[in-house]
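Number of protein chains: 2
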Amino acid sequence: MELVIGIDIGGTKTKIGLVDKEGKCLEDTFFRTKEYPDIDDYLDKVVATIEELKDKFNYANILGCGIGAPNASSKNGTIENASNLLWKGTVPIIKKLNERMPMPMRIMNDASVAALGEMLFGNAKGMSDFIVITLGTGFGSGIVANGKLIDGFDGFAGELGHIDMTLGDGRITGLGVKGGLEAYVSATGLKRTIMYMQSKYLDESRFRSIAYNDLHGEDITKAAEEGDPIALKAFDYTAKILGLALANFTAFTQPEAFFLLGGLVNSGKWILDPLHTYFEEHLLEVYKGKVKLLSSGMEGKTAAISGAASLIWESHTDEY
Amino acid sequence: MELVIGIDIGGTKTKIGLVDKEGKCLEDTFFRTKEYPDIDDYLDKVVATIEELKDKFNYANILGCGIGAPNASSKNGTIENASNLLWKGTVPIIKKLNERMPMPMRIMNDASVAALGEMLFGNAKGMSDFIVITLGTGFGSGIVANGKLIDGFDGFAGELGHIDMTLGDGRITGLGVKGGLEAYVSATGLKRTIMYMQSKYLDESRFRSIAYNDLHGEDITKAAEEGDPIALKAFDYTAKILGLALANFTAFTQPEAFFLLGGLVNSGKWILDPLHTYFEEHLLEVYKGKVKLLSSGMEGKTAAISGAASLIWESHTDEY
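Which chain is which? The protein sequence lines are R and V, in order. Throughout, my numbering is defined as the position within the first sequence, counted from one, plus 991. Throughout, my numbering is defined as the position within the second sequence, counted from one, plus 991.
Hints are not guaranteed to be accurate.
As the list claims (entries may be wrong) - No farther apart than 27 Å at their CA atoms in a straight line, the calculated lysine-lysine pairs in the DSS-like style are these:
#1 Lys1281(V) / Lys1087(R)
#2 Lys1283(V) / Lys1015(V)
#3 Lys1004(R) / Lys1079(R)
#4 Lys1191(R) / Lys1224(R)
#5 Lys1283(V) / Lys1279(R)
#6 Lys1191(V) / Lys1086(R)
#7 Lys1015(V) / Lys1169(R)
#8 Lys1283(V) / Lys1139(R)
Stated by the list, open to error - Covered by chain R, according to a simulated footprint, are these stretches of chain V (three or more residues, beta-carbon under 8 Å):
#9 1036-1042
#10 1268-1281
#11 1287-1299
To be verified - A short list of chain V residues far from chain R (calculated; beta carbon distances all over 10 Å):
#12 Lys1015
#13 Asp1019
#14 Arg1091
#15 Met1096
#16 Gly1149
#17 His1153
#18 Gly1159
#19 Glu1209
#20 Lys1224
#21 Lys1231
Keep in mind the hints are simulated off the structure, nothing from the lab. The model shown is predicted, which means the values in this text are computed figures rather than measured ones. Using N, Cα and C, we set each Cβ at its ideal position, and we do this for glycine too.
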């Protein structure tokens, strides 16, 4: 039996699992990324975790190891200046991990990994042109055109969360980009919009008595369900900007579909219903009615692990 | 000797030529597109023109015919709803031309054709990731990633002139897009900005006594050279928006270079100097200093013909 190691490096958790050729994660585990501020300690822990997992599959042939991480450069095998990770500067993670565990290895931006996983194992099977958007704490993106992930000149393509749509006069992202999409369309962006709507309107709202630091995404969804006018306005505004952004992205690569993943999507119809309307409204005539907005076909909890493993599976199966 | 027919269909002129495998246009001619409002008359004229050209190269083996045109769909072989052409709706131009002249034929968006020409014959030789921007009456774009032109789901990718960077609150393009880039960054956009600067500021300017319809690009360049404050402000504003746009595009496919083509580029340093500054200023940290702004390596007058021919040469030469 052939298996691939999939690693998802997140700011909070590092998830590791063993993935078969159908993308199924047979065994998985995790540990807290922040407990290892030193990259060498961290990689020792990664290797130890993998050894434990492998013990349960002694008979398996491990083909390699795929890694999804924020700010990863696939071409350099590095993680560079990741704002949500403790290791600063440029981390040559593939080189360091390969020294500990020689085998084929690849790393890629987490959203690009999600796109690859969707293409090999999920709802993008058979598609040549699509874009995955991850709406979590931030705004990530993985772009596929002509059947291939777009990497860019040195592996940093697909930073759509930092596209400015306000002619340089909008909210500031974590990376200092004025008007960057991520400052509007993300879990954090939604919280900021709750603030903005309280500044703009005088409606009564449950949020008048909740501080920014105490705001949670689920509460905003719940408030919308109860008809809270600030929550409703915030969702509409978020959907409008996302709709406009996706219409802009369509003019770039004309994808067959967008896949929307991540926490913000859990707000369901509050974000998705107005999104569909704004999106179609802003599409160029030539694109109208042609671009689908879809959800992921990957299993939630282990989607990121299977996606990471697809970096290796991609080159191992004839049918792809 | 092997040759390829290259056709550049423009709103004003149709240029036709015979192109060798080095991209050199050996013979070329043109006629006025607008004199043929009926597509069948037009294609008869195209075929007659080609026959004349071919007479001079009786010994040549014609490999096929490549066409560059506005609003062309490479996948459908059509021109669809082109605002600058007289033929309305969907024109199945490849089918119709092939009936008259059976041979391998391909059509593509004019800016994409420019990108392909640049890759085969011009300054983008050896590059896998770059973007061509054409700044004429409108704003066109051809995007190459992973060494391939991005076509999109049904051949309409690369409409970057209709990307809205104003959250739906800006100038309106010819296609009705609010805030579309083309309304700012193009020969027409520059004229509109001359109007805008006269509304915003009270500076004395030669343009106070020139009506919109009498404005020409060269006059604006000349005024800038003479220090006209409205002209200087207009160029700075145009460069700022283009700089922001190119920084946004970089976050999409991370090109190695942008190639800037077309009439607006003839304004030289007045647009290019501030452009370099604004572009670098707005790039994400991870891209700074890595993306070149270049000019075309194609011979001016016949560049579009050679580009069109590259659609056929692309599949005929091993070395590409």
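Sort out which numbered hints this structure fails and list those numbers smallest first. 5, 6, 7, 9, 11, 16, 17, 18, 21
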